[in-house]
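Protein chains in written order, with numbering that gives the first Met the number 0: chain C, 0 to 114; chain S, 0 to 256.
In case anyone wonders, no lab produced these hints; they're calculated from the structure.
Bear in mind that the values here come from a model prediction, so they are computed numbers and not experimental data.
Treat each hint with caution, since some may be false.
Calculated pairs, DSS-like style, for lysine-lysine (alpha carbon to alpha carbon, straight line, at most 27 angstroms) [stated by the list, open to error]: (1) C/55 with C/21; (2) C/37 with C/21; (3) S/216 with C/37; (4) C/37 with C/71; (5) C/21 with C/71; (6) S/194 with C/71.
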Amino acid sequence: MEEYHSGDEVAFSPDDASNVVKECIEGIVGGVDYSQNKVNQWTASIVEHTLTQLVKQGKPFKYIVNCAVMQKSGAGLHTANSCYWDTTTDGSCTVRWENRTMYCVVSVFAVAIAL
Amino acid sequence: MHLVPGHSRTPSFPLDGIKCVLESFFIMANQPLPLSQETLAQFNRSMSTEPGASGPPRRRLGSISTRRSSKDQSKDQPHHRPLFLRSMTLPSSESSFLSPTVSNSHISMGKRFSFAGWHQGGRVSFSGLYLQQPIQEVYVENTYRMGPEPGCRFNASRTQQILQATLDSYLEGVCYSPDSCSQLCQMLADLVLSKLKDVNPPRYKVVCQVVVGQSGKQGIRVSSRSLMNPNTDNYTSAVFHNHSLFAVALVHGLYFE
Numbered sequence: 000m001e002e003y004h005s006g007d008e009v010a011f012s013p014d015d016a017s018n019v020v021k022e023c024i025e026g027i028v029g030g031v032d033y034s035q036n037k038v039n040q041w042t043a044s045i046v047e048h049t050l051t052q053l054v055k056q057g058k059p060f061k062y063i064v065n066c067a068v069m070q071k072s073g074a075g076l077h078t079a080n081s082c083y084w085d086t087t088t089d090g091s092c093t094v095r096w097e098n099r100t101m102y103c104v105v106s107v108f109a110v111a112i113a114l
Numbered sequence: 000m001h002l003v004p005g006h007s008r009t010p011s012f013p014l015d016g017i018k019c020v021l022e023s024f025f026i027m028a029n030q031p032l033p034l035s036q037e038t039l040a041q042f043n044r045s046m047s048t049e050p051g052a053s054g055p056p057r058r059r060l061g062s063i064s065t066r067r068s069s070k071d072q073s074k075d076q077p078h079h080r081p082l083f084l085r086s087m088t089l090p091s092s093e094s095s096f097l098s099p100t101v102s103n104s105h106i107s108m109g110k111r112f113s114f115a116g117w118h119q120g121g122r123v124s125f126s127g128l129y130l131q132q133p134i135q136e137v138y139v140e141n142t143y144r145m146g147p148e149p150g151c152r153f154n155a156s157r158t159q160q161i162l163q164a165t166l167d168s169y170l171e172g173v174c175y176s177p178d179s180c181s182q183l184c185q186m187l188a189d190l191v192l193s194k195l196k197d198v199n200p201p202r203y204k205v206v207c208q209v210v211v212g213q214s215g216k217q218g219i220r221v222s223s224r225s226l227m228n229p230n231t232d233n234y235t236s237a238v239f240h241n242h243s244l245f246a247v248a249l250v251h252g253l254y255f256e
């Protein structure tokens, strides 16, 4: 287990997180078409893998990972978020991914913890 | 109290034993002049150009402070910078330069000082009146608290009620439209957050996400997983659905000390 650096104020890095997220999405729903039966499983795996990868980085954060998978049918989708936190240390990152038959929107929120 | 390197000594005037935690600065005045913010910040700079400064290095840190007695002179000479103070952290206790005993000093008259060197960044008016108190450091005592107070946890059920009520009242009868729904979505998120801030227990950070979509024949699944402390943190969600749109709101409350 990596050690936390106490006393360091590490700000959240959205780029790292978005790379992690993209890899996870590609790995799970990379080349498949939307399927009603499997979508439950997909969203659960995406969030779980993303969270595990983020935790492996060993940074002093609490994480929230949200994932929305929607079938492509011409309907519109909007997401918004609003957060009450310390902007110097906390942050978020949202990744939009799509393929031929579905959209996938994953948001990661990282909230610093005091060490 | 210590000397700022590179500056000349101050003129002699009695110290009043004022304690202060400021960096050192010089006071030089031959008449009570009101202070402007720039003057406080650039005092040291003027010192090096002051001729005739003499006397033992004395500091009266507390006296050049935020007390301003007369505004007349400042109006006459708006660019006057007679007294300067670097970072000020104490309120003024005395203003010795206003006393008639202060003498043997010299003011750099007519000197124009730029704002560039001013460290504090507060607002200044050219009439010489400062508009803002100098920034004071706030020292907060340790509360020795390791967790939220017993009645002060994130209340998931109450938050859920608020969330559901907000969604229902706001989206009742609204039709999906691609142009306006993105703003509607953001507005909902901000609205929910503002409502939650009132009921939020102290030391809690709140993350709120809203997903709004058009109601069609498509399927959608929204899921969330988080890494948090189950003793102190919690989350809730609410769903709204009508003939033309659907909305999902997720709120997480995270304890932070």
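Outcome of the hint check:
| no. | hint | result |
| --- | --- | --- |
| 1 | C/55 with C/21 | 16 angstroms, holds |
| 2 | C/37 with C/21 | 20 angstroms, holds |
| 3 | S/216 with C/37 | 17 angstroms, holds |
| 4 | C/37 with C/71 | 15 angstroms, holds |
| 5 | C/21 with C/71 | 19 angstroms, holds |
| 6 | S/194 with C/71 | 34 angstroms, violated |
Violated hint for the displayed structure: number 6, the only one.
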